[in-house]
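Student: Using the sequences and the accompanying hints, generate a full structural model.
Chains as they are written, first to last, in numbering that gives the first Met the number 0: chain A, 0 to 306; chain B, 0 to 306; chain C, 0 to 306; chain D, 0 to 306.
No wet-lab data here; the hints were simulated from the structure.
Don't take each hint at face value.
Pairs count within a copy or across copies, as identical chains cannot be separated in the list.
[As the list claims (entries may be wrong)] Listed below are the simulated DSBU-like cross-link pairs for lysine-lysine, each with C-alpha atoms no more than 35 Å apart in a straight line:
#1 K107 - K43
#2 K107 - K18
#3 K220 - K12
#4 K43 - K71
#5 K12 - K173
#6 K131 - K6
There are 4 protein chains.
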Amino acid sequence: MRVNPIKITEDMKVSDLIKEMGNSGVLGAGRTYRATELLSKMLKDPDMKIFFSIAGPLVPGGMRDIVVDLIKKGHIDVLITSGANLTHDLLESFGGNHYRDYGFDDEKLHESGMGRIGDIYTRSEDFEIFEKEITLILDEIAHKKNVSSIQGLIYEIGARIQDEDSIIRNAHLKGVPIYAPGIVDSMLGLQLWMFTQNSEFILDAVADMSHLSDIVFQSEKVGAVILGGGLPKHYTLASNLLKGGVDAAIQITMDRSEGGSLSGAPLEEAKSWAKARAGSNLVSVIGDATIIFPLILAGALDLSIEK
Amino acid sequence: MRVNPIKITEDMKVSDLIKEMGNSGVLGAGRTYRATELLSKMLKDPDMKIFFSIAGPLVPGGMRDIVVDLIKKGHIDVLITSGANLTHDLLESFGGNHYRDYGFDDEKLHESGMGRIGDIYTRSEDFEIFEKEITLILDEIAHKKNVSSIQGLIYEIGARIQDEDSIIRNAHLKGVPIYAPGIVDSMLGLQLWMFTQNSEFILDAVADMSHLSDIVFQSEKVGAVILGGGLPKHYTLASNLLKGGVDAAIQITMDRSEGGSLSGAPLEEAKSWAKARAGSNLVSVIGDATIIFPLILAGALDLSIEK
Amino acid sequence: MRVNPIKITEDMKVSDLIKEMGNSGVLGAGRTYRATELLSKMLKDPDMKIFFSIAGPLVPGGMRDIVVDLIKKGHIDVLITSGANLTHDLLESFGGNHYRDYGFDDEKLHESGMGRIGDIYTRSEDFEIFEKEITLILDEIAHKKNVSSIQGLIYEIGARIQDEDSIIRNAHLKGVPIYAPGIVDSMLGLQLWMFTQNSEFILDAVADMSHLSDIVFQSEKVGAVILGGGLPKHYTLASNLLKGGVDAAIQITMDRSEGGSLSGAPLEEAKSWAKARAGSNLVSVIGDATIIFPLILAGALDLSIEK
Amino acid sequence: MRVNPIKITEDMKVSDLIKEMGNSGVLGAGRTYRATELLSKMLKDPDMKIFFSIAGPLVPGGMRDIVVDLIKKGHIDVLITSGANLTHDLLESFGGNHYRDYGFDDEKLHESGMGRIGDIYTRSEDFEIFEKEITLILDEIAHKKNVSSIQGLIYEIGARIQDEDSIIRNAHLKGVPIYAPGIVDSMLGLQLWMFTQNSEFILDAVADMSHLSDIVFQSEKVGAVILGGGLPKHYTLASNLLKGGVDAAIQITMDRSEGGSLSGAPLEEAKSWAKARAGSNLVSVIGDATIIFPLILAGALDLSIEK
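Tutor: Laid out in structure tokens, this is it:
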């Protein structure tokens, strides 16, 4: 098959750009087209449950609305993420913000009460409000039950968030479970610990697997959308081990494979572990998720992209 | 300044997607917006000469038409590239093609006459035609003059190419000089050497600098578009040393900075060498040029993107 | 200060090689020297507690003995790692092994019962033994107490391992706490969940922070050795937030910083969060931990390396 | 085959460290061992010519002495490098130096006459001396002949350098040809052009291939040592196309393969082009050459490392 030219015109639609990348079919452009086409199929397949995995600072990095919108449209069946992304979702729900353009002098930033994540900034006063608000919510929940799974706790938090732009609230409303196996390693985790110091409440570290394995077993097909690596990527793939692996997956990552870490591993490796089925449809795009995912999502949402 | 959410909708235009990335303003999305905005300004500035640098397999990788189109529209004033990209432009002009989907067994590929560049493939029979055709052209040129600069030779080749999709031909027609300081390190370079074995013709390695320095001195402002690193990136920046550095530049690269190589160097480093002016406008996007450049170009060509 | 030449001779000692890198002082060689010198100081400082963080497949990747040896010598005060590394430590303790040279055809590997981690391989029969043995141990522990912290559970497991080469056993014997905040996301985590299905045992997700914060508060100074990123890196740094940040740290990573993920973040960023003190001594080396850490450790163990 | 533990002891020799990495045999440690073992064999094989390729700032980065030493010991038969590395070799021969620890404010650096290459610094006054000295030398050479190949010119320069630590001088003395196909793209290239402005001297861009192809044809076997990518890597591999490809090669690089550029390409890709023989022995190590090459060279020089 020939590599055809990518043609760029004025006033192009995203889906036309993606199709041009498909005409070429090679290097990053080819991978982007194949990821878009696969995502489009995954979103349209009524029998496919979508497991959506987010690692890295995508919520503080401007992608909160994208996740909320996908939840509202029914495009996410299971969300797996880090405690940090949940923290930042709550931080915004409680009135906090994320900022930019404060430079890279970390000692000065600390003095002026700013925490830095790449070129994203947070304010310590926003975290103070977060701490006060989340403690009130935890108090309420702890009165209801003494032991909770992580997913169960997040669900209960979701019931108590007013912010209509919140991932946690919208997931609650749509019944989309959120798993955060590493929740303890975050500001939210720290507050959870502080709360338990004066309470009988216990967060059960492993209870989620019962809930999650039920979903996996009940899913005819599973498609995974994996942004970044880390615990969320591994948990997403490993939970599907129970049914012989995911049927389709796209991943967007900047990590390399040579060090052997799961974050940088090719999706194909998951086949050896039965975390992806033999013959499953797997596409990796090497790149920054804040560029690549909006691009392929905008393409995939256009009805005109499919084989 | 706040990080605002990226909003993705159905049937989006590329320029709308880019503006959404600008609303966020952080991480790769922010860099992509800033690169698009700067490219848009560069293309619209009548006093700015555009130096366009391409390294890596972008011509075989489907981006030939993009370069031709920019040349036709007057958006490229100087093209700096590798001998390999010129070879692949000529290969297509002489009827050859680039192919895909032939797998990664390099010993088998060799046996079946395929050469591999990532996931792009060439056929040895196409190279045989290339060799025959380029030799005829070199023969004609050598009858005209005995010594030529590299740019001068490419210009003369351009006069003898019929293919309307050729970069070399279109650059010739529009009077856009092409510099390829490393031309000898390519199949075209190999043919040049073979040709000189039975001829008096000499290719002058350094003569181009006279021609190029005249352009640099005559340019009120210079903006550089740098796809990939290598010799083309360095030559682009170093030639502007003569006037105190470029006024604006965008680069798209996957190379890292820690090893100290110029390919992965931040554009800011060029300021220490007076290859970029103090106060110049410089934007780097980390990513695959076959994804990022079509994206920002499609955005920049839309009239609505500017500050 | 001048960059001096690196001189290589026959039969060199590792510490001489490192000193030569220090003579140069630039690029990766310079970073390697500074990391070795800092590690040497950290190991010799009687007032400094060492927090040792391992992410990625370092236990299956041949670095188990290095960790055991550091524990035995009293060079690790706190170990933070992934459930996967603990799983692989136990797998070997129960008689299993890690293998190499089985190729990269993941569907075939699956058929022959091999799981792949980069170029490391495991056998499903070794995992079957792991499952049987760990269940027996969990059963014993659950009879002792109903609720456990993650660290507490690992400590109890360590008391029941006979293998003298085991990290978990040696940490138990030396009283070195092991934290694995993401333990649930591993084969060990899966067994824990299965075990709790027929038991009253609860693994408390957040209880570790009490134990860990006591250690942090009691440490006059903390030095962190961070191999790879992920949860272990973040937990290591974040736990030290309680005392104003680590006093010294080295990290070895291949991850990039541009995406904003903590795994690729420069250590300096931790200063903005008070996870590293203002003025703390921080060195990052970009590279593969299985090359770089043995190299700098061998250098640091030589008495002759210090300022 | 089993992955065995890497054992680190006090006062280790580099070759013992490398053997320990070989016991593991996986990830970066395994690659480092295999590269060392192959380099050792290459250096000991009397029928194998060594093509040594250097890209990136390795001469300013402290590795000049390593190259000189290999030349003196007869371990390099052909050197392929960039104009920049030759420039920095000459800069030091004329009394200049490379510096460190001047920070990263590029506008300030420029004001104080410093040029930056990663964390290496040069002084403009050293370049002024370079310009004066090289012009005197070029003047002498131009009186001898009117037209020169690039290799021929470097050879003549080498005859006029007094500095005993110079790569160019030592290569001259040992009759080791130096190829620098991209010489024009460097400060040395700039001086060459300026010199030709008032002289009849012509530098022939393609003449080197006659000389180089003779060497290739006369070499029973060729082994390539490739540090970094760029033109030197490609020229090294491509020149061996004439005899069916190199017989053995090691490369050390931080570049990735996904973009398709030759710099990041796996060595295996060269087999499809007959730039590496079917069945040739090829090892890539992902890492910083200023760390990895001194490490594997120190290992390979120890007589005890071979299969």
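Student: Against the earlier hints, flag every one the structure doesn't satisfy and list their numbers going up.
Tutor: none
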